[in-house]
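Taken in sequence, the protein lines are chains A and B. Take 1 as the starting number for the first sequence in our numbering and just add one per residue. Take 1 as the starting number for the second sequence in our numbering and just add one per residue.
Take these hints with a grain of salt, some might be off.
Said to hold, decoys possible - Only part of the chain B face toward chain A is listed, based on derived beta-carbon distances under 8 Å:
hint, residue
1, 44
2, 45
3, 131
4, 133
5, 136
6, 140
Calculated from the structure, these hints are not laboratory results. Keep in mind it's a predicted model, so treat the numbers as computed, not measured. From the three backbone atoms N, C-alpha and C, an ideal C-beta is built for every residue, glycine too.
This is what each chain is made of:
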Amino acid sequence: MKTRHADEAQKPGSDGAAINVRNLRVNYGEREILHNISFDVKAGETITILGGSGSGKTTLLRALMGLEKAAGGAIWIHGKDLCCLPPPEMAELRKKFGVSFQGGALFGSMTVGENVALPLREHTKLDDSTIEVLVRLKLEEVGLSGYENYNPAQLSGGMKKRAAVARALTMDPEILFFDEPSAGLDPIIAAGIDDLILKLKRAFKMTIVVVTHELASAFLIADRMMLIDKGELIAIGAPEEMKANQHPRVRQFFDRVPDPEISVDDDFLDRLTRNLRL
Amino acid sequence: MSVMETVGQATINGLAYLGDLTILTGRSLHAIFVAPFQGQRLRTQRAVHQAMAVGVGAVPILSLISFFIGTIMALQSAYELRKLGAMFLVARAVAISVTRELAPLITAIVVIGRSGSAFAAEIGSMKVNEEIDALETMALDPIEFLVAPKLLAMAVMLPCLTIWADFMGVLGGATFGVSAASFTFGSYIQATLSSLARHDIVTGLIKAVMFGVVITAVGCQEGLSTGLGAEQVGRSTTSAVVKSIFLVVAVDLVFTMLFYFTTPR
């Protein structure tokens with residue numbers, strides 16, 4: 001399969017793309033979650049992955065980070081095929097990632113400062129004072145100066161997300177992944193997170209992949225956006241192209257139209273009794 | 001599903017679980033004994049932190065339980081020995097049963113309750129909160145980072161705790177011996193020391209190391225295989241305790257048989 005794709009197009013990564021995804025399929029057990037998804041992300045580009053709840057967007061993000069194995073197809077990060085990387089090379093590649101998880105995923109047994117310092121302590125030989133300065137610098141960047149000695153449990157939801165971003169930035173990553181950065185936050189804090197992403201985008205020119213279902217946020221930060229529905233890639237393009245896209249599911253998502261209710265009695269009965277042994 | 005199919009499936013599941021434990025232990029041992037010579041870090045600071053939690057934290061409750069067990073053993077053996085007029089053998093009975101069997105086993109059970117369950121809950125919560133994923137995306141192997149320091153701490157601390165439990169068990173027996181069996185404290189200790197061979201203590205300590213490995217492997221494996229949701233963390237914790245107790249007793253049986261058949265008579 002790899003050879004076939006290599007023949008289809010130029011070598012992944014050679015066109016300056018940071019991420020190439022070809023015919024990606026991901027399964028949870030017997031169930032296929034993602035169906036034949038293909039797209040590229042250029043280096044320095046910010047792409048938002050949109051989709052409703054359960055559409056498979058977080059699964060796609062996890063696959064891009066190598067946390068879910070592909071059942072078919074392939075993912076190349078900087079020209080390296082994730083499926084075939086031996087653990088040491090995978091570790092080297094992941095050192096170029098920064099990840100902000102939906103709930104922050106800060107280590108509860110460490111202070112905020114220790115969380116941010118962890119990648120530096122584990123992957124560099126910097127002395128303690130240098131690490132401390134870098135930690136303060138990263139916390140300053142996300143507006144959490146002075147919170148080094150707080151426990152994650154003492155932070156609000158928005159502060160946790162910003163601390164997670166600070167940790168993600170510690171190793172000066174080339175690719176930054178965000179999973180639902182504004183989920184569960186009030187509009188003011190969510191706007192703050194959007195501003196932070198925009199600031200990072202302008203300041204560091206890093207490749208940023210953001211999973212979200214917040215439309216306003218997605219239009220604000222994205223260079224390109226893609227819509228996933230029921231595990232399929234429905235549309236991909238610049239924000240203006242997406243606004244003009246007439247695909248029914250794209251229109252439904254952007255116009256915030258709920259799924260139509262079932263009006264035929266037989267269909268309703270069928271839904272209620274499906275999979276039941278009657 | 002027929003009975004044969006059920007038994008067969010349970011056997012396969014059991015063997016698969018033992019396989020998982022073996023792989024986890026193997027990778028942890030590699031991280032402790034091999035990886036440091038290949039330029040990777042051995043996280044001694046984390047291991048010391050774990051050792052303090054596992055070892056020092058368990059001393060008060062273990063002291064109390066071992067003391068009571070020593071006294072109970074003295075009472076139980078005196079019950080029969082009194083009929084034979086052989087009360088002087090109480091010290092011997094307590095010394096041998098405590099050092100060979102009871103101290104390692106009681107220590108293991110106390111540590112399962114305190115630390116094995118805590119390992120499962122800690123790692124299970126980390127799994128639910130995506131902290132394990134965060135470690136992986138930071139290019140940190142969760143087994144090297146989380147499991148190996150725990151294994152090192154347990155393999156060192158279980159024998160230390162067992163020695164302490166030996167001491168407290170003998171002290172418990174001495175309390176009965178002095179108060180009800182016409183021993184002086186000095187004569188009881190003397191009788192204990194003269195009845196013990198080095199082999200008795202060493203076999204107990206070998207078992208303790210193995211128990212430490214088993215408790216860590218089961219606790220961490222249960223944590224790492226936790227599903228989604230807080231309820232699953234509770235299930236993992238319960239499962240870690242039940243499986244650890246079963247496997248500790250099974251390992252105890254294997255090693256006791258091994259020592260019995262290999263010891264020259």
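- Task: Compare the structure with the hints numbered earlier in the document and write down the numbers of the violated ones, lowest to highest.
- Result: 1 and 2
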